[in-house]
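In order, the protein sequences belong to chains A and B. So the first sequence is residues 4 to 598, counted in the numbering used here. So the second sequence is residues 134 to 242, counted in the numbering used here.
Hints may contain errors.
Example chain A residues on the side facing chain B (calculated, C-beta under 10 Å, incomplete) [stated by the list, open to error]:
#1 Gly-492
#2 Ile-493
#3 Ala-517
#4 Gly-564
#5 Asn-572
To give an idea of the interface, some chain B residues facing chain A are shown, with a C-beta separation under 10 Å as derived from the structure [stated by the list, open to error]:
#6 Thr-144
#7 Gly-148
#8 Arg-151
#9 Met-235
#10 Val-237
Hints in this document: simulated from the structure, not taken from any laboratory. The structure presented is a predicted model; accordingly, all values stated were derived computationally and were not measured. Note that the Cβ used here is the ideal one computed from N, Cα and C, for glycine as well.
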Amino acid sequence: MEHRPVVIIGAGPAGLTAAYILSKAGRKSIVLEKDQTVGGIARTVNYKDYHFDIGGHRFFTKVESVEKIWKEVLGQELLQRHRLSRIYYNKKFFYYPLRPLNALWGLGVWNSLLIFCSYVTSQLLPSKEERTFEQWVSNRFGKRLFETFFKTYTEKVWGIACDEISAEWAGQRVKGLSLMTALKNAILKDGNGRPNKSKVIKTLIDEFNYPKLGPGMMWNAMVDTILQNGSQVRLGRKVSGILWAGNKVEALEIQNNGQVELLHSSHVISSMPLREAIQKLKPEAPPEVLHAANDLKYRDFLTVALIIKGPSLFPDTWIYIHAPEVKVGRIQNFKNWSPFMVPDPNRTCLGLEYFCFEGDGLWTMPDSALIDLAKKELETLGLSNEKDVEDGTVVRMPKAYPIYDSTYRQSLDVVRRFLGRFDNFQPVGRNGMHKYNNQDHSMLTAMLSAENILGANHDLWTVNIEEDYIEEVRAKPDQETAASELIPGIFYRMDKFGLATAVGSVCGLLVFLATVWLVMKGGPAGAYLQLLNQYFFGYTVTLKGAFIGLAYSFFWGFLFGWLFAYLRNFFISYYIYRIKQEAELLTFRDFLDRF
Amino acid sequence: MVAEKSPNEETLLRGVLRLNGKILGLVLGILLGLAIFIGTNWLLIKETITPGEKHVVGPHLQLLSQFLLGYRVSFLGSIIGFFYGFALGTLCGTAIGWIYNMIVDLKSK
Numbered sequence: 004m005e006h007r008p009v010v011i012i013g014a015g016p017a018g019l020t021a022a023y024i025l026s027k028a029g030r031k032s033i034v035l036e037k038d039q040t041v042g043g044i045a046r047t048v049n050y051k052d053y054h055f056d057i058g059g060h061r062f063f064t065k066v067e068s069v070e071k072i073w074k075e076v077l078g079q080e081l082l083q084r085h086r087l088s089r090i091y092y093n094k095k096f097f098y099y100p101l102r103p104l105n106a107l108w109g110l111g112v113w114n115s116l117l118i119f120c121s122y123v124t125s126q127l128l129p130s131k132e133e134r135t136f137e138q139w140v141s142n143r144f145g146k147r148l149f150e151t152f153f154k155t156y157t158e159k160v161w162g163i164a165c166d167e168i169s170a171e172w173a174g175q176r177v178k179g180l181s182l183m184t185a186l187k188n189a190i191l192k193d194g195n196g197r198p199n200k201s202k203v204i205k206t207l208i209d210e211f212n213y214p215k216l217g218p219g220m221m222w223n224a225m226v227d228t229i230l231q232n233g234s235q236v237r238l239g240r241k242v243s244g245i246l247w248a249g250n251k252v253e254a255l256e257i258q259n260n261g262q263v264e265l266l267h268s269s270h271v272i273s274s275m276p277l278r279e280a281i282q283k284l285k286p287e288a289p290p291e292v293l294h295a296a297n298d299l300k301y302r303d304f305l306t307v308a309l310i311i312k313g314p315s316l317f318p319d320t321w322i323y324i325h326a327p328e329v330k331v332g333r334i335q336n337f338k339n340w341s342p343f344m345v346p347d348p349n350r351t352c353l354g355l356e357y358f359c360f361e362g363d364g365l366w367t368m369p370d371s372a373l374i375d376l377a378k379k380e381l382e383t384l385g386l387s388n389e390k391d392v393e394d395g396t397v398v399r400m401p402k403a404y405p406i407y408d409s410t411y412r413q414s415l416d417v418v419r420r421f422l423g424r425f426d427n428f429q430p431v432g433r434n435g436m437h438k439y440n441n442q443d444h445s446m447l448t449a450m451l452s453a454e455n456i457l458g459a460n461h462d463l464w465t466v467n468i469e470e471d472y473i474e475e476v477r478a479k480p481d482q483e484t485a486a487s488e489l490i491p492g493i494f495y496r497m498d499k500f501g502l503a504t505a506v507g508s509v510c511g512l513l514v515f516l517a518t519v520w521l522v523m524k525g526g527p528a529g530a531y532l533q534l535l536n537q538y539f540f541g542y543t544v545t546l547k548g549a550f551i552g553l554a555y556s557f558f559w560g561f562l563f564g565w566l567f568a569y570l571r572n573f574f575i576s577y578y579i580y581r582i583k584q585e586a587e588l589l590t591f592r593d594f595l596d597r598f
Numbered sequence: 134m135v136a137e138k139s140p141n142e143e144t145l146l147r148g149v150l151r152l153n154g155k156i157l158g159l160v161l162g163i164l165l166g167l168a169i170f171i172g173t174n175w176l177l178i179k180e181t182i183t184p185g186e187k188h189v190v191g192p193h194l195q196l197l198s199q200f201l202l203g204y205r206v207s208f209l210g211s212i213i214g215f216f217y218g219f220a221l222g223t224l225c226g227t228a229i230g231w232i233y234n235m236i237v238d239l240k241s242k
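This is chain A alone, in the form it adopts within the complex:
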């Protein structure tokens, strides 16, 4: 069976990466892609030499092997870009995390005051129940800020009311940086000895790599290497059946121009949506597995790319549209991703992104109507005039995001258990695994699947999708272990009574012994020690005075020790609170990026 090729379903980042790794190892593969272009949801569309990206794909990762591939494939064609992505609300731009002066200016003094009061209220009297996304965010940012900045956008993206989205989901999305990690970041130097964690975090978030002509450049270059190494990439091939028997996938049924072809394979790597993969099994999967697969849902989206007169409309790479009066959710400014994306320096190309469900009103709207809608909304937002829009096109992207609803996990477990029986079938990528993988994690799953075929034994489901772009400072492993053991010791609460008693006892004993010593020995120092009675009324250098001195010193030592422990605990708590707040704010920005 080994002489048969490996068949890879889907020519997106995951599928192509698997083929790339296999081809470099001398293993032949055939990549099947149903569309006429490669890249999947990370493709680049070329419209009259205007290049645009579907959703905006930053090339940023903390997975070294993925970064190595990017650099290996594109080298100098990979640009280093600065990120600016603000929230657009009420015809004003807001930085996120919010900057006080910017927010004050944008929202006005009165509104800012109300938001501040609402924030203070949420901190003092948080909602005891944290069942919904709305309660979860309101407890952290205040109800008013939630309604101003988060409600509309979240509802636009997911098409569900915020009080219907579970808080668990929000918690999962924001759990990227634990308190322990945040503290570790705060006190450790990174692998390169960089000491300033805030600078490190900021840099990693605010800068990313991007191919000169969009991500499609990466996938095209990968295809070239794959073909040069003797593997195949077949476009326009739709998998209509996955034939299996026992614990093996035997062959794939492929449709090409109305003809059905059977392709036998040694291994199958599939990046097709998991739901579809199960639906296409022949013979049919057991009913409970089919039922679970049918329960996996997706959010779709479409981009309306507009070519507009003017060299620059705004400096952002993309903006989040929180304004409730329009349907558009996000606007990409492709020229700011890479100046090479737009051929005419006097034109700007914007991508207005609408989140929808396949078959709903937006999805089925004719392209011309969508372009008109995008033009109108751009004018409503005050970002451009309708008359300045010269041209436009629409790209629909089905199944862009797997939906994490309340039942998805159970259903996914059923599907996973069933697929686990196959020795030679590996699901990879975002839709292939119904996992909210970003491009780099999708590629990583594919790399591991290829390595499995070459003899390794990786569990693809353990690829950590929760690793966020809020980068942890990479300390050396031994430093990391030491830190994990050390940190609790540093940040534990000090027992106030314990320290107070200890310091009081030692101080009391010192004065007592010093006094008794002088009483026994005599000498000129007694007169000076006697001066203590300026503070300790009744103290003398006598045996009785020694006891009085002991009591006084114990009292003051106790007070000093208690105060020291209290202040130490207070400042440590405040420090932990700040670190936690900062981590939460930063992860929340990543939370917006996840959409």
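Since the structure of chain A is provided, determine the placement of chain B on it from the hints.
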């Protein structure tokens, strides 16, 4: 409730600090030893730079000799003082650590 804390985090927020008596002793010892050493030599240097009438240097610090036998305001005395200070500081620090940990243990039982 969503905001579940990891076991590590839980330990972090609920844990009570324990002092390392030896280290605390060492630190206090070094500090006190250095205080006497520098305090003594400071008086000696000051006297060398601005010599006044012939008198006893550091009469008040000299009183330490009442407690620290063999100490005097001289360079050799500063070294002797350092050792005395170090010993006393170590003793005090260790005692503070020991008493503190004992109380923490008692309270946690």
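Quick rundown of the hints versus the structure:
The beta carbon of A:Gly-492 is positioned within 10 Å of a beta carbon in chain B (closest approach about 7 Å), and the interface hint is therefore held. Satisfaction of the interface hint for A:Ile-493 is found here, the shortest Cβ-Cβ separation to chain B being roughly 9 Å, below the 10 Å cut-off. Because the smallest distance between the Cβ of A:Ala-517 and any Cβ of chain B comes to about 6 Å, under 10 Å, the interface hint for this residue holds. With its C-beta approaching chain B no nearer than about 8 Å, A:Gly-564 sits inside the 10 Å limit, and its interface hint holds.
The criterion of a C-beta within 10 Å of any C-beta in chain B is met by A:Asn-572, whose closest approach is roughly 9 Å, and the hint holds. With a least beta-carbon distance of about 6 Å to chain A, the hint placing B:Thr-144 at the interface is held under the 10 Å criterion. This hint holds: B:Gly-148 has a C-beta 4 Å from the nearest C-beta of chain A, less than the 10 Å allowed. Against a cut-off of 10 Å between C-beta atoms, the interface hint on B:Arg-151 holds, since the closest Cβ of chain A lies about 8 Å away.
With a least beta-carbon distance of about 8 Å to chain A, the hint placing B:Met-235 at the interface is held under the 10 Å criterion. The interface hint given for B:Val-237 holds, since its Cβ lies 5 Å from the closest Cβ of chain A, which is under the 10 Å cut-off.
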